[in-house]
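Student: Let the hints inform the model, and build the full structure from the sequences given.
Take a look at the letters that make up each chain.
Protein chains: 2
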Amino acid sequence: MNSHQKFKSDIEIALETPLLPIQQIANNHLDLKEEELELFGKYKAKISLDVLERLKEKEPGKLILVTSTNPTPAGEGKSTVTVGLAQALNKLNKKAIIAMREPSLGPTMGLKGGATGGGYSQVIPMDEINLHFTGDIHAITTANNALASFIDNHLHHGNYLNIDPRRIVWRRALDLNDRALRNITIGLGGPTNGIPREDHFDITVASEIMAVLCLASSLDNLRERLSRIVIGYTYSKDPVTVADLGVEGALTLLLKEAIKPNLVQTIEHTPALIHGGPFANIAHGCNSLLATKMATMLGDYVVTEAGFGADLGAEKFLNIKSRIGKLNPSAVVIVATIRALKMHGGLRKDQLQQENTDALIKGITNLKKHIETIKSFGLPYVVAINKFVSDTEAEITELLNWSDQEGHPAVLCEVWEHGGNGGVELAEKVLKIIEEGENSFQFLYKDEDSIEQKIFNIASKVYGATGVQFTNKAKKQIQEFEFLGWSNLPICMAKTQYSLTDDASVLGRPESFTITIRELKGSLGAGFIVALTGDIMTMPGLPSEPAALNMDVSVDGKATGLF
Amino acid sequence: MNSHQKFKSDIEIALETPLLPIQQIANNHLDLKEEELELFGKYKAKISLDVLERLKEKEPGKLILVTSTNPTPAGEGKSTVTVGLAQALNKLNKKAIIAMREPSLGPTMGLKGGATGGGYSQVIPMDEINLHFTGDIHAITTANNALASFIDNHLHHGNYLNIDPRRIVWRRALDLNDRALRNITIGLGGPTNGIPREDHFDITVASEIMAVLCLASSLDNLRERLSRIVIGYTYSKDPVTVADLGVEGALTLLLKEAIKPNLVQTIEHTPALIHGGPFANIAHGCNSLLATKMATMLGDYVVTEAGFGADLGAEKFLNIKSRIGKLNPSAVVIVATIRALKMHGGLRKDQLQQENTDALIKGITNLKKHIETIKSFGLPYVVAINKFVSDTEAEITELLNWSDQEGHPAVLCEVWEHGGNGGVELAEKVLKIIEEGENSFQFLYKDEDSIEQKIFNIASKVYGATGVQFTNKAKKQIQEFEFLGWSNLPICMAKTQYSLTDDASVLGRPESFTITIRELKGSLGAGFIVALTGDIMTMPGLPSEPAALNMDVSVDGKATGLF
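Each protein sequence line maps, in turn, to chains V and Y.
Positions 28 to 590 (this note's numbering) are the ones given, in order, by the first sequence.
Positions 28 to 590 (this note's numbering) are the ones given, in order, by the second sequence.
Each hint should be verified, as a subset may be incorrect.
If chains are identical, the list can't say which one is meant, so a pair holds when it fits in one copy or spans any two.
What the hints assert, rightly or not - Distance condition first, Cα-Cα at most 16 angstroms in a straight line; then the derived EDC-like pairs of lysine to aspartate or glutamate:
no.	residue 1	residue 2
1	473	546
2	585	77
3	585	284
4	585	39
Hints in this document: simulated from the structure, not taken from any laboratory.
Tutor: Laid out in structure tokens, this is it:
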């Protein structure tokens with residue numbers, strides 16, 4: 028949100044906002060019972076899973092998914108619109124709740140800027156949410172690395188499962204940006220120090236345990252999913268699972284608190300469940316299913332978001348999360364920004380501040396493709412034009428006119444600057460399409476389709492590709508996965524977020540292209556097959572001047588330099 | 028506590044105990060104000076450091092240190108006696124509080140048994156305390172590894188500080204037992220993935236940041252200590268500090284919640300501050316100074332403990348923590364068990380269950396040496412004989428008779444079986460020696476003594492050694508440390524806990540021996556020089572059948588198989 032620099036900074040706005048005690052949010056807005064709430068300080072709480080049982084007969088609230096066009100590297104403000112829309116629904120006296128992802132600490136140390144919305148549409152306390160929060164990610168890190176230690180301990184003490192150390196696919200994890208840990212060798216130093224082998228650290232949000240936690244429907248289901256995780260292969264190339272190691276109980280124990288959704292509030296005291304945050308490329312990029320389900324039980328309207336653009340986040344929300352969790356989304360909000368559309372129209376990053384309606388019109392093709400995608404899922408939608416200070420009157424008019432002519436519902440949205448008041452028109456439009464719009468929600472592939480067919484459906488219907496190429500390696504893996512009985516799982520596409528193609532530099536709406544599947548990975552715990560179109564970076568690095576250099580704590584114990 | 032197996036297990040006792048809401052403990056026992064408490068669930072809370080300011084004029088409570096003879100590998104029940112003694116003081120209507128260390132999660136996954144006392148003298152909720160607790164250790168892990176990532180990022184982006192990658196002494200850390208991470212190579216995979224170098228993971232409690240947190244007197248002092256940490260040396264062998272990297276603010280930010288002491292309760296609802304848990308060999312092995320100070324402000328009697336036996340934990344509590352924190356301990360309880368004394372008398376582990384008064388008498392020499400040590404510090408003491416079910420009447424009588432004849436106050440203590448009621452006699456004796464006993468507390472060396480002199484004083488007065496040998500490496504380091512102006516720091520001895528010598532197999536009370544200092548390490552953030560007498564394992568491994576195999580969560584969400 029750098030273009031808003033003449034306004035107050037996000038942390039300034041957040042720190043000057045008087046927070047309500049979280050019990051008050053829980054009691055007044057959500058009718059939670061006292062014993063269902065576990066406080067974490069004054070403004071954060073965990074909610075007991077007992078709520079799901081108590082409210083299981085209740086008619087679920089309407090689920091509204093917020094997605095976007097292919098984003099610029101700075102992001103288009105999807106979280107800000109998510110928060111602002113829920114605040115606006117509250118202004119219209121609707122009982123609205125947010126369900127969103129928890130930010131990772133690693134990137135916070137690297138680049139200025141969090142993932143908790145911005146301006147007057149933020150979740151708070153944003154400093155704590157961006158740092159340790161309620162410890163869920165730390166618990167996942169611990170479970171991830173405990174599993175790694177059990178694997179290496181098994182090798183060290185005789186390896187009776189016959190695990191091939193060269194074929195261990197379970198990697199270690201830290202919630203930090205740390206490029207030096209991407210490729211390491213471990214177990215050095217002689218016989219008392221383990222078996223030497225190659226290993227890798229991922230950032231914790233890329234751990235399959237994060238995806239598992241986010242798709243689990245209960246504590247028992249969490250244990251089941253954990254036990255199915257494939258950690259590697261034997262010398263005879265048979266998969267070895269967590270259940271084979273017998274540690275699914277210990278991992279469940281390490282996650283028994285982390286599985287409970289976290290309650291916080293927005294600047295306008297709208298309740299927000301913030302829980303889980305898996306990668307949106309090698310995983311499905313949505314907050315936990317439990318938080319979403321719980322939100323639909325506690326509110327009449329739930330605003331949730333999915334990572335990156337509609338080609339990744341929304342596709343996975345609809346094809347994976349909704350399938351596994353039996354969710355029925357009621358509407359989709361597609362966030363578009365003038366700057367992103369101008370970039371899709373051919374402008375360079377340093378040209379985005381200047382008015383350019385030609386580039387805008389040219390770039391609208393990208394938005395149009397995402398609209399078609401949402402239509403193919405059978406869902407009603409609204410385009411939310413998230414206003415930036417650099418946007419000109421002429422550009423906004425141009426975009427609204429285009430929407431009008433093409434018959435797409437579109438609304439200018441000023442939630443960053445005005446909070447809920449800046450999103451009332453959007454909220455009204457969303458309510459209208461939910462009431463009137465036709466909803467014939469469908470998945471884009473069936474469970475029983477072949478792996479190739481599922482990938483082709485996504486590539487053609489969502490990306491607009493004419494075909495899919497598979498490397499020899501990928502072809503061989505598909506055969507193996509079919510043999511192992513994994514082929515009825517949904518597909519989780521790992522692709523660049525910047526382009527509809529598998530090439531980050533191809534913007535706008537490309538035509539007549541194919542995508543290449545280089546490799547597949549079975550995430551059996553999460554319950555999907557990851558299809559990789561290229562190298563996906565699962566451990567980010569820090570910039571030469573990390574944001575950490577400016578961070579500190581003030582004399583009154585407040586975070587400074589965080590944003 | 029394996030010899031108590033005919034009784035209920037620790038977790039059974041803990042789970043059947045009705046806990047009081049932690050606010051009730053805070054209000055009724057400690058007169059804490061509501062705004063000074065931050066709840067973590069229903070039975071854990073953090074206490075604001077503002078309490079230190081509010082109560083700074085208050086006469087501090089009496090500080091009672093619990094230590095022991097050289098222990099057996101199973102431990103002698105120091106934590107159990109600490110908890111039991113405080114409970115007993117409460118029974119005598121004294122306002123008593125416990126200040127103790129937080130257990131590390133790593134060993135919990137490996138061997139059955141926690142570090143939260145036992146039987147009817149436990150701190151609860153023991154499952155949570157032994158797992159993630161309030162996230163302090165996770166915050167330390169994060170700060171430790173964030174620092175490591177900043178170092179490698181600095182190397183990657185040009186290394187303008189001229190750090191020699193071969194002389195980086197900062198190591199990564201995880202709160203797990205993971206031998207395969209003891210010796211690793213990082214930064215592999217080509218130019219985009221960092222600078223290749225050798226690295227090591229320690230268990231988090233061995234991180235200097237744990238020692239720093241435990242010796243900090245305020246948030247500002249924490250930042251100061253963090254900035255002094257030496258992370259390595261330049262190619263010209265000059266020390267490089269956290270301040271040189273400019274990240275002390277970010278590390279302080281990551282620790283701003285972890286620095287606040289945690290409040291829980293015992294089985295009998297005695298308040299307990301559990302905060303910090305540094306290693307007792309390469310660090311000083313005591314809970315945080317802030318928790319101890321705060322406890323002395325909130326209670327009239329504070330029962331605290333130090334790691335391992337009196338030769339390590341108590342020596343460091345008295346020479347290091349009391350010096351840095353200006354503490355004035357009032358009395359020392361020396362825990363002795365019949366089994367440990369019989370082991371010191373020459374019995375093997377498998378012979379300890381049998382009555383053997385001869386071995387007992389022979390082994391008493393070990394206890395006698397620790398009594399002399401406490402006397403040399405000028406402190407009154409009581410010997411607490413911590414009763415185990417295998418102890419016979421004859422053995423107990425023999426030990427009590429010996430104490431009587433030699434004029435040492437000694438009490439049989441049954442706090443495991445009977446809680447506070449089993450420690451009333453001990454509590455009365457402790458109160459008596461505080462009132463009557465002579466207290467001429469003194470350190471065993473002065474700040475301005477040379478490094479060699481300090482080490483000699485500890486070795487001769489505490490271990491009973493006739494002399495100290497220094498390797499050539501150690502001699503050279505002493506010269507370097509003197510040149511760097513570090514020689515006025517206290518000494519933190521890293522030595523085996525099983526023997527008064529530096530050889531774990533030499534039990535009892537050895538005479539005419541020397542100890543060898545192989546190497547020194549400057550812990551400038553913690554504020555001490557570590558003197559290593561041998562290889563100290565700073566990353567434990569898991570056994571072939573780790574305790575994790577039995578762990579799980581019950582249908583009602585409770586930990587099972589943890590103990």
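Student: Next, verify each hint and record whether it holds.
Tutor: Results for each hint:
no. : hint      : verdict
1   : 473 / 546 : neither (22 angstroms within a copy, 65 angstroms between copies)
2   : 585 / 77  : between (34 angstroms within a copy, 14 angstroms between copies)
3   : 585 / 284 : between (27 angstroms within a copy, 10 angstroms between copies)
4   : 585 / 39  : within (11 angstroms within a copy, 41 angstroms between copies)
The structure shown violates just one earlier hint, number 1.
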